[in-house]
Amino acid sequence: MDKSYTEKQEKLARFAKALGHPARIAVMQFLAKQEQCYFGDIHEELPIAKATVSQHLSELKDAGLIQGTIEVPKVKYCINQENWQLAQELFKEFFGTCICKGKGCCEK
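Count along the sequence shown from 1, add 5, and you get the number used in the working numbering.
Calculated from the structure, these hints are not laboratory results. By construction, the Cβ of each residue, glycine as well, lies at the ideal position given by its N, Cα and C atoms. Any given hint could turn out to be false.
[As the list claims (entries may be wrong)] List of simulated lysine-lysine pairs, DSS-like, C-alpha gap at most 27 Å:
| hint | residue 1 | residue 2 |
| --- | --- | --- |
| 1 | Lys13 | Lys66 |
| 2 | Lys81 | Lys38 |
| 3 | Lys38 | Lys79 |
| 4 | Lys8 | Lys97 |
| 5 | Lys22 | Lys81 |
| 6 | Lys22 | Lys38 |
| 7 | Lys79 | Lys66 |
| 8 | Lys38 | Lys55 |
| 9 | Lys22 | Lys55 |
| 10 | Lys16 | Lys81 |
| 11 | Lys55 | Lys79 |
| 12 | Lys16 | Lys66 |
| 13 | Lys66 | Lys55 |
| 14 | Lys97 | Lys13 |
| 15 | Lys66 | Lys97 |
| 16 | Lys66 | Lys81 |
| 17 | Lys8 | Lys79 |
| 18 | Lys81 | Lys8 |
| 19 | Lys8 | Lys22 |
| 20 | Lys55 | Lys81 |
| 21 | Lys38 | Lys16 |
| 22 | Lys8 | Lys38 |
| 23 | Lys22 | Lys66 |
| 24 | Lys97 | Lys16 |
[Said to hold, decoys possible] FRET-style restraints, in silico, Cβ to Cβ:
| hint | residue 1 | residue 2 | range |
| --- | --- | --- | --- |
| 25 | Lys8 | Asp46 | 41 to 47 Å |
| 26 | Ser9 | Gly45 | 38 to 44 Å |
| 27 | Cys105 | Phe44 | 40 to 46 Å |
| 28 | Phe44 | Lys22 | 18 to 24 Å |
| 29 | Ser63 | Ala37 | 17 to 23 Å |
Using the sequences and the accompanying hints, generate a full structural model.
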């Protein structure tokens, strides 16, 4: 019996993990309001060290939620629109699967 996860479950988990830190949520919210921006712009928005910002950007990029292009000596970032749309669809589907519509399924 095959007990592997579906591709959708794998993708959703990867997106959720990437969004699992407040700094990464802040980065995504900032980028959602921009066409594109540079690393320095993002660093100015967050109350953390540049190295930590880089780590968070790397996690978001590895998950496919953002993309970056090098324009020496700067790096420009923006939301990966295709994966952002996919993440929205997967989260909507996931949160819409609960059949409990009342106050709570466990409440009597």
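Each hint, compared with the structure:
1. Using a Cα cut-off of 27 Å, the hinted pair Lys13 and Lys66 holds, with the two alpha carbons roughly 19 Å apart.
2. Taken as a hint, the Lys81 and Lys38 pair is honoured in the structure, with Cα atoms around 15 Å apart against an allowance of 27 Å.
3. Between Lys38 and Lys79 the CA atoms are separated by roughly 20 Å; this keeps the pair inside 27 Å, and the hint holds.
4. Restraint check for Lys8 and Lys97: the C-alpha separation of about 24 Å stays at or below 27 Å, so the hint holds.
5. Our distance criterion of 27 Å between C-alpha atoms is met by Lys22 and Lys81, whose separation comes to about 23 Å.
6. Proximity of Lys22 to Lys38 is assessed by CA-CA distance (about 22 Å); at most 27 Å being required, the pair is judged to hold.
7. Distance check on the hinted pair: Lys79 and Lys66 sit about 16 Å apart at the alpha-carbon level, within 27 Å; holds.
8. At most 27 Å may separate the alpha-carbon atoms for a hinted pair to count; Lys38 and Lys55 meet this at roughly 21 Å.
9. For the suggested pair Lys22 and Lys55, the alpha carbons sit about 21 Å apart, so the restraint of at most 27 Å is met.
10. Under the criterion of a C-alpha separation no larger than 27 Å, the hint pairing Lys16 with Lys81 is consistent with the structure, at around 25 Å.
11. For a cut-off of 27 Å, the pair hint linking Lys55 to Lys79 stands: about 13 Å separates their Cα positions.
12. For the hint pairing Lys16 with Lys66, the CA-to-CA distance comes to about 14 Å; that is within 27 Å, so the pair holds.
13. The suggested pairing of Lys66 with Lys55 holds, with an alpha-carbon distance near 16 Å, which does not exceed 27 Å.
14. Using a Cα cut-off of 27 Å, the hinted pair Lys97 and Lys13 holds, with the two alpha carbons roughly 12 Å apart.
15. Taking the CA atoms of Lys66 and Lys97, the gap is about 22 Å. The hint holds against a cut of 27 Å.
16. Annotation: proposed proximity of Lys66 to Lys81 holds, straight-line Cα distance about 12 Å (limit 27 Å).
17. With a C-alpha separation of about 45 Å, the suggested pairing of Lys8 with Lys79 is violated against the 27 Å cut-off.
18. Between Lys81 and Lys8, the direct Cα distance comes to roughly 41 Å. Violation of the 27 Å bound is thereby established for this hinted pair.
19. Pair hint Lys8 plus Lys22 holds up; C-alpha atoms about 21 Å apart against a cutoff of 27 Å.
20. Note on Lys55 and Lys81: the hinted pairing holds, with a Cα-Cα distance of about 15 Å set against a maximum of 27 Å.
21. With a C-alpha separation of about 24 Å, the suggested pair Lys38 and Lys16 falls inside the 27 Å cut-off, and the hint holds.
22. For the given pair, Lys8 sits about 40 Å from Lys38 by alpha-carbon distance, which is inconsistent with the 27 Å threshold.
23. At roughly 12 Å between alpha-carbon atoms, Lys22 and Lys66 fall within 27 Å of each other, so this suggested pair holds.
24. The hinted pair formed by Lys97 and Lys16 meets the criterion: a straight-line CA distance of about 13 Å does not exceed 27 Å.
25. Judged by the Cβ atoms, the range 41 to 47 Å given for Lys8 and Asp46 holds: they are separated by roughly 45 Å.
26. Under the hint 38 to 44 Å, the C-beta atoms of Ser9 and Gly45, about 42 Å apart, fit the expected range.
27. Hint check: Cys105 to Phe44, Cβ distance near 44 Å, so the stated range 40 to 46 Å holds.
28. Judged by the Cβ atoms, the range 18 to 24 Å given for Phe44 and Lys22 holds: they are separated by roughly 22 Å.
29. A hinted range of 17 to 23 Å holds for the C-beta pair Ser63 and Ala37, which are about 19 Å apart.
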